[in-house]
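Each chain, written out:
Number of protein chains: 4
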Amino acid sequence: MAKSSFEYVKTFELDDTLLPNTWVVVRLDGKCFHKFSEDHNFTKPNDLRALKLMNYAAFTVFREFNDLLMAFGQSDEYSFVFKKHCTLYKRRAAKLVTTITSKFSASYVFYWNKFFKEEQLKYPPSFDGRIVLYPSEENLIDYMKWRQADVHINNLYNTTFWTLVKEGKLSPTQAEKRLCGTVSGDKNEILFKEFNINYNDEPEIFKRGTLLLKKHINMNESIKCISVIVDVHDDMLKEKFWKDHKNLLFMKS
Amino acid sequence: MAKSSFEYVKTFELDDTLLPNTWVVVRLDGKCFHKFSEDHNFTKPNDLRALKLMNYAAFTVFREFNDLLMAFGQSDEYSFVFKKHCTLYKRRAAKLVTTITSKFSASYVFYWNKFFKEEQLKYPPSFDGRIVLYPSEENLIDYMKWRQADVHINNLYNTTFWTLVKEGKLSPTQAEKRLCGTVSGDKNEILFKEFNINYNDEPEIFKRGTLLLKKHINMNESIKCISVIVDVHDDMLKEKFWKDHKNLLFMKS
Amino acid sequence: MAKSSFEYVKTFELDDTLLPNTWVVVRLDGKCFHKFSEDHNFTKPNDLRALKLMNYAAFTVFREFNDLLMAFGQSDEYSFVFKKHCTLYKRRAAKLVTTITSKFSASYVFYWNKFFKEEQLKYPPSFDGRIVLYPSEENLIDYMKWRQADVHINNLYNTTFWTLVKEGKLSPTQAEKRLCGTVSGDKNEILFKEFNINYNDEPEIFKRGTLLLKKHINMNESIKCISVIVDVHDDMLKEKFWKDHKNLLFMKS
Amino acid sequence: MAKSSFEYVKTFELDDTLLPNTWVVVRLDGKCFHKFSEDHNFTKPNDLRALKLMNYAAFTVFREFNDLLMAFGQSDEYSFVFKKHCTLYKRRAAKLVTTITSKFSASYVFYWNKFFKEEQLKYPPSFDGRIVLYPSEENLIDYMKWRQADVHINNLYNTTFWTLVKEGKLSPTQAEKRLCGTVSGDKNEILFKEFNINYNDEPEIFKRGTLLLKKHINMNESIKCISVIVDVHDDMLKEKFWKDHKNLLFMKS
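Protein chains in written order, with this note's numbering: chain A, 1073 to 1325; chain B, 1073 to 1325; chain C, 1073 to 1325; chain D, 1073 to 1325.
No lab work stands behind these hints, which were simulated from the structure alone. Careful, some of the hints might be misleading.
For chains that are exact copies, the list does not tell them apart, and a pair is met inside one copy or across any two.
[As the list claims (entries may be wrong)] In silico lysine to aspartate or glutamate, EDC-like type, Cα no more than 16 Å apart, as pairs:
{"hint": "1", "residue 1": "Lys1312", "residue 2": "Glu1210"}
{"hint": "2", "residue 1": "Lys1167", "residue 2": "Asp1088"}
{"hint": "3", "residue 1": "Lys1186", "residue 2": "Asp1306"}
{"hint": "4", "residue 1": "Lys1162", "residue 2": "Asp1087"}
{"hint": "5", "residue 1": "Lys1312", "residue 2": "Asp1119"}
{"hint": "6", "residue 1": "Lys1241", "residue 2": "Glu1266"}
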């Protein structure tokens, strides 16, 4: 049983090394999460348990890979940002994107009960992953802004939509119609004038998503510096954030 | 908060469409499964519970994608073969490989308790995935033979190694030394002469791995044909197998 | 002057190896040849000198690469087909496509005077090249048919258009209008009824383009077999052609 | 003759768009130029006619593409640098690399007689091309330094080698042996002590290669600014060069 006569098939595996010196972003998206969220009675428009589970799965991924700089999540998606000089798995694209996707998916299931105490997981969910390279600091910051602007747009819409349905007793179709063509200001006004809801008072995690970062803490009694992963809900659309976190994109370890 | 000024970052996502009219193989491999199997007390050299869980996770993936022709698994790896004419996700490589990897990983955790009744899952495992194209029937068959020849080589080695350790009271280092430079015949002889074990009598699932296939069953009372997924442990290295399964590579649905 | 401190930039060159066991097609297209043909007084609708120069440049490429099976040209384009098992330049895409494009372009200029005796080359023309893989015999044959069908469609149109302009004294705009919406039959009829031209009597090289092939000739007096490159204008759209040339796609040398 | 039934083969052409916001470098290399230079009696170690022809062919390419920032040549190779924001041919890799390679090759043949007045071109030469992306200014500058350091190393070696052969009456093998293991200082000394040649006095074009740049000239009498292509032989290994040419990498048009 000569293995060698078949081994030539290995040459069909082609190299997929990523361009060096570029930030590698892996973004995961829940597959059919509209149905999944209904099957598991997610609260609308936001289910805090679900968001916390997403964050915890991301945290599990984050602490495993030293080459990660940060991660940003909202709804059923999560982006992971690797260092520019990351050489993990020799920068092979499939290896990077599948390992992250796999660890995240397994963690989501593994930690389900930690967050959904009374709701049982009915079937294994899945996420797809993609990989994108950003060559400049500006491009990467714009990527982060793009995802956070997306949270704002979606959350304002969803908050207004579900308020019209739940409080305003509109049918989903009527609520959709009502919101058609409206801009941000209109939605803020509907919420405030008709339902006495100030959108600004909504929880930050809903309005801005969650950013996972490494913080390096200098321990007083020693020279050692430990790093911890923290979750923040800051406004990345403001330049102040990037000034305050100048080192974020260039961290060494 | 103009979303549009950041949206240009989407143009950095490059097209990764796979060449049409080629068999798409996605192969998953367990990450650090040596440690994982020790942490979870897997029986050596083969843990039937672990193999059955792998098969069940693969079955969960298989029944979800109509475009899959077959899947073959052994140890901590599984290969999924898509039809030549598969157009799922427009044949985008990252989408295909991550969706399979994610669904498999989530299923592995989800169904753990079904197979490991007394052993608790301690942490979420992960799998990496890769994607390979095979243009001809011969190439694809050689791929399947390559993976099955691998099962044989590994399992004969592992069976002899662990018999020397468990029954023969050798240390792992001594067993390794003993087997160094031996060929298949030598290992068969050690097992038979020293431990009265006929390697041929070992379970097929250990010697040959597991092949998942769709069988189309014609229901007597109707014209309808239903398809079921079955697991077999046939010898794919024999030409007979491929003669008996002529249609396997060219199934329509 | 340490060279080594800059040499890291070489790692930015990424691998572009092509999938094995697939036919590699390199197709060249003249850049701005509409203008180029006017600047050099090409006869309309076909300039035999120009076609022969294209063929000769292709012949120059063909005889240099043993791994080429055939080449097909028409107007300002030429396709080169490499063997399925070609390993030239380790199947690196850029290397293959640029070498063919460069040799062809240089030959076009070098041999200009051989075919254009009274027309001087005014400036260097250029060609772009692309590379496409075909996994099956059927796909490759369909590619050849696609290019030859294209010759027919373009040449029938151009022949009718220029007859209307030159013989029929229509302006180009009038001729274009006259042909708008016509099918093949209509154009044949215009040519025959109005200008007494039987399109079938047009030269084969105009109607079908030129196929370059290797013919293996057995020398009577010896056992040696020599191969020569011949140009034919056969109908590749007929199955007979492919039956008569069964070995064409699978030649060894 | 339905064209449409074959047209599906076009879907086998895969997208090869390059990552945005990165400098695109196309480098050409002469194929078998060792033999080519002997066949055409190139002066050793440097043939000024050949270098000027290379520069002129590069100039012909340069003036055709607005998106080129600079070009650097030595011996039988030439590098072309496109702007970071270049969108020519939608950044399709094959299109960019083949168009440059083709234009250069055709120009080399076309302008041969302009520089080789008494030496006839015997056959069409060819060049291969490759494409590399550089994400940062530092990477691109290091690329340019890498190529120029290469000129220095090769030219010092070749100058000493040919002096030993021509003046020193060594055979090529003896000269090779003599130089084996020597560093720059040794070669400078051989030239100076044994042949009274000061390497620093060698022509700049030999020692440093040729850089083609666009210079923007403000015309006194008008507001218009015209751009001309100039060839310089500056020392790009010195930081001063890059300070003096700060705008070089970021030119707009």
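Evaluation of the provided hints:
When the C-alpha separation of Lys1312 and Glu1210 is checked against a cutoff of 16 Å, the pair qualifies only within one copy, where the shortest distance is 14 Å, while the shortest distance between copies is 27 Å. In this homomeric assembly, Lys1167 and Asp1088 come within 16 Å of each other (Cα to Cα) both inside a single copy, at 9 Å, and across copies, at 15 Å. In this assembly of identical chains, the alpha carbons of Lys1186 and Asp1306 never lie at most 16 Å apart, being 26 Å within a copy and 42 Å across copies at closest. For the identical chains of this complex, Lys1162 and Asp1087 are neighbours both inside a copy (11 Å) and across copies (13 Å), given an alpha-carbon limit of 16 Å.
Taking CA atoms no more than 16 Å apart as the test, Lys1312 paired with Asp1119 passes in neither setting, with 30 Å inside one copy and 56 Å between copies. Within a single copy, Lys1241 and Glu1266 get their C-alpha atoms as close as 12 Å, which meets the 16 Å cut-off; across copies the closest is 76 Å, which misses it.
Violated hints, in rising order: 3, 5; the structure is consistent with all others.
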